[in-house]
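J.: Its first residue numbered 1, the sequence shown is counted upward by one per residue in UniProt numbering.
The reader is advised that the hints may include incorrect statements.
Unchecked claim - Pairwise CB distance ranges (calculated):
# : residue 1 : residue 2 : range
1 : Phe93     : Gln176    : 39 to 45 Å
2 : Ser160    : Ala352    : 48 to 54 Å
3 : Glu102    : Arg395    : 17 to 23 Å
4 : Val244    : Arg117    : 35 to 41 Å
5 : Ser91     : Thr130    : 48 to 54 Å
6 : His134    : Gly262    : 38 to 44 Å
Simulated from the structure, these hints should not be mistaken for lab results.
Nothing here was measured: the structure is a model prediction, and the numbers come from that model.
For glycine and all other residues, C-beta sits at the position ideal for the given N, C-alpha and C.
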Amino acid sequence: MRFRRRFNPDTAAFVSSAWDGSDQPGHRHDLPIHWVCRAGLCPDRSSRSLRIRCEPDAAGWPGVSCHVMGRSVIKHPTAFQPLSLACLGWSHFFEDQRESHEADFAPMRIAAIHRSRLTALSQAGTVELTLAVHANTSDFTVGDWILADLRTQTLHRRLSRRTVMERRTEGSRTLQAAAANVDTLFIVTSCNADFNSARLERYLALANQGGTTPVILLTKADTAADLGAYQRQASRLQRGLDVVTVNPRLPTAADMLAPWCGVGRTVALVGSSGVGKSTLVNTLVGPGQAVAQQTGGIREHDAKGRHTTTSRSLHAIAGGGWVIDTPGMRTLHVSGAAEGIDTLFAEIVELAPLCRYRDCTHAHEPGCAVQAAVTGGKIEPERLIRWRKLLDENRDNTPTSVGPRGRRTCR
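With these hints in hand, go ahead and build the complete structure from the sequences.
T.: In structure tokens form, the structure reads like this:
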């Protein structure tokens with residue numbers, strides 16, 4: 001019936017047994033209040049009944065407002081529709097990984113990771129999975145697809161990732177997965193002292209290496225004396241790079257980012273603290289939603305902000321997509337990103353074969369095509385310096401192993 005679909009699944013389960021089927025405007029129906037309190041939908045247990053009024057919305061569909069003692073306590077303005085796997089981001093890439101004997105295991109997507117359990121989204125709704133004693137939560141990240149037993153709520157296995165964003169944290173020698181199966185990485189930076197080409201290039205290398213499409217988002221444009229200068233600097237960082245200027249506080253931000261936020265598409269946000277990531281997540285999720293991010297300000301003298309997001313989580317956004325908000329990172333160490341760096345500095349990589357010497361370092365050798373491009377103004381000297389620095393950092397941070405003939409290879 002149309003009226004029941006106005007509730008979320010938990011509410012509908014409690015309401016359906018007492019509902020008489022009428023959905024006429026103005027109709028009222030009283031339900032035992034403890035039913036709804038048990039569902040955690042009403043904090044007031046002193047009342048004996050929950051009063052429901054059926055009201056048509058602008059489209060002519062009946063809406064629901066619930067009242068206790070004449071006071072409105074909850075309202076569900078939209079119809080509940082079960083999510084398909086495609087809406088969650090499922091594709092043939094994951095379907096092809098399922099074995100014939102795994103038909104009884106349900107695909108789920110990890111929305112949050114806790115100390116000893118996972119919160120996952122499935123066609124049946126939100127599921128809390130308890131991990132085995134020997135399991136390690138570091139083997140999973142937000143956005144992962146897994147197979148699990150719905151009946152016992154136990155994990156079967158994790159599916160291979162289509163894309164993954166990995167980074168090396170301070171003092172660690174291993175890569176940490178920051179998010180998985182992300183279609184677009186929104187790299188957020190402000191048009192002030194936070195804008196740093198070297199840091200943005202690190203994020204771009206991270207996205208390129210992981211197979212994710214990067215997009216630069218410029219915030220705080222109203223504080224910039226020359227917005228065009230920031231836009232030009234950002235667009236020159238990588239070929240074909242999309243640069244979008246947004247105000248995270250305005251609803252129009254969601255409209256501007258809609259091309260990357262369609263049904264089943266997943267975006268992630270990275271950037272320094274205080275650039276507006278959490279505010280933008282709130283805008284993408286939409287007003288009145290349960291999952292809102294705390295926001296904080298920035299220091300005026302250096303444009304640095306406070307960490308308002310301390311853990312990663314997956315949220316549904318307007319348009320049918322999903323967003324992963326990541327904690328702010330002031331330091332990002334590049335590791336295992338040789339291919340991502342080559343994509344980032346494609347203009348340098350393409351000129352290297354034209355150099356006179358095959359092992360040219362593009363520093364002082366005669367006949368260097370890269371140095372000729374620098375002299376001719378086609379490549380900025382600072383960009384060549386950052387390329388060398390990023391290559392050196394990647395080499396130093398990437399673990400190597402000795403091959404059968406004594407050759408050192410990256411793991």
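J.: Given the hint of 39 to 45 Å, is the C-beta distance from phenylalanine 93 to glutamine 176 inside that range or not?
T.: 23 Å, violated
J.: For the pair histidine 134 and glycine 262, does the Cβ-Cβ distance stay inside 38 to 44 Å?
T.: Holds: the Cβ-Cβ distance is about 39 Å, inside 38 to 44 Å.
J.: Within 48 to 54 Å or not, the Cβ separation of serine 160 and alanine 352?
T.: 33 Å, violated
J.: Would you say the C-beta atoms of valine 244 and arginine 117 sit inside 35 to 41 Å of each other?
T.: The hinted range 35 to 41 Å holds for valine 244 and arginine 117, with Cβ atoms some 37 Å apart.
J.: Given the hint of 48 to 54 Å, check if serine 91 and threonine 130 actually sit that far apart at their C-beta atoms.
T.: 28 Å, violated
J.: Given a hinted range of 17 to 23 Å, is it respected by the beta-carbon distance of glutamate 102 and arginine 395?
T.: 41 Å, violated
Checked against the numbered hints given earlier, this structure breaks hints 1, 2, 3 and 5; the rest are met.
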